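If you're matching positions, the sequence shown starts at 1268 in the numbering used here and goes up one per residue.
Derived by calculation from the structure, the hints in this document are not laboratory data. Keep in mind that this is a model prediction, so the values were computed, not measured.
In silico SDA-like cross-links for lysine to any residue, where the CA-CA straight-line distance does not exceed 25 Å:
no.: 1; residue 1: Lys1271; residue 2: Phe1308
no.: 2; residue 1: Lys1400; residue 2: Val1354
no.: 3; residue 1: Lys1307; residue 2: Glu1285
no.: 4; residue 1: Lys1271; residue 2: Glu1318
no.: 5; residue 1: Lys1305; residue 2: Tyr1275
no.: 6; residue 1: Lys1307; residue 2: Val1291
no.: 7; residue 1: Lys1271; residue 2: Trp1327
no.: 8; residue 1: Lys1305; residue 2: Glu1318
no.: 9; residue 1: Lys1400; residue 2: Gly1388
no.: 10; residue 1: Lys1305; residue 2: Ile1282
no.: 11; residue 1: Lys1271; residue 2: Asn1301
no.: 12; residue 1: Lys1271; residue 2: Ile1282
no.: 13; residue 1: Lys1271; residue 2: Asn1331
no.: 14; residue 1: Lys1277; residue 2: Asp1314
no.: 15; residue 1: Lys1305; residue 2: Asp1290
no.: 16; residue 1: Lys1304; residue 2: Val1291
no.: 17; residue 1: Lys1305; residue 2: Arg1286
no.: 18; residue 1: Lys1305; residue 2: Pro1279
no.: 19; residue 1: Lys1274; residue 2: Ser1298
no.: 20; residue 1: Lys1271; residue 2: Val1302
no.: 21; residue 1: Lys1305; residue 2: Glu1323
no.: 22; residue 1: Lys1271; residue 2: Asp1309
no.: 23; residue 1: Lys1304; residue 2: Ala1272
no.: 24; residue 1: Lys1307; residue 2: Leu1289
no.: 25; residue 1: Lys1304; residue 2: Gly1276
no.: 26; residue 1: Lys1304; residue 2: Pro1279
no.: 27; residue 1: Lys1305; residue 2: Ala1272
no.: 28; residue 1: Lys1307; residue 2: Tyr1288
no.: 29; residue 1: Lys1400; residue 2: Glu1424
no.: 30; residue 1: Lys1400; residue 2: Gln1358
no.: 31; residue 1: Lys1274; residue 2: Gly1320
no.: 32; residue 1: Lys1304; residue 2: Asp1314
no.: 33; residue 1: Lys1274; residue 2: Thr1293
no.: 34; residue 1: Lys1307; residue 2: Trp1319
Using C-beta positions, here's what the derived DEER-type ranges look like:
no.: 35; residue 1: His1421; residue 2: Glu1355; range: 17 to 27 Å
no.: 36; residue 1: Asn1387; residue 2: Asp1309; range: 18 to 28 Å
no.: 37; residue 1: Lys1274; residue 2: Glu1424; range: 44 to 54 Å
Each residue gets a CB set at the ideal place from its N, CA and C atoms; glycine is no exception.
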Amino acid sequence: DVNKANKYGKTPLGIACERGYLDVVTEMADSGANVNKKDKFDQTPIDIAREWGHTEIVVWAMANGLELDSYDIRGIGMAAAGEGGSVEVLQHLLDNHPSWTSAGAGPHPMLGVMTEAVGNGRVEVLQWLVDRKLLGKYEARRIALLAARRGQLHVLEWVSSNAEVVPLNKTVAMEVLEP
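Construct the entire structure; sequences and hints are all you get.
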């Protein structure tokens, strides 16, 4: 039974997602594995893939129109791409889902991307967001504060040297660095 769970409630699909086995995930989904079955930690297999940084599985799930909560998977997919530093994946997601650049009924999805990018030191993702005008100028302060809290000094340097982020970028970075 492809949906039989272990003592933690994790199915074989969940284990394949945890380990990043995209070929196994696709085969199991085609065989009827339940992609929405939650384990004892209230996580679906796609949540597990995202948590373990297997962006390709999250993107595959989205690209194949699996019946996942569209709001949750939007946030998961975008944040996973930000965390993984994959501007190609972000571009793919936005090309196929242009409405995801707006907040809709919940928090703006780009904030999740920004947060994961800062937390993981992914300056290339931050630059991608800036180049596409997907972050407002007010975000420089948030980026700088988050970078300082997470010890991402190269992100602070990027904020202070990037004129497109905010006109007062050096001031913002210096304020954050002051005790």
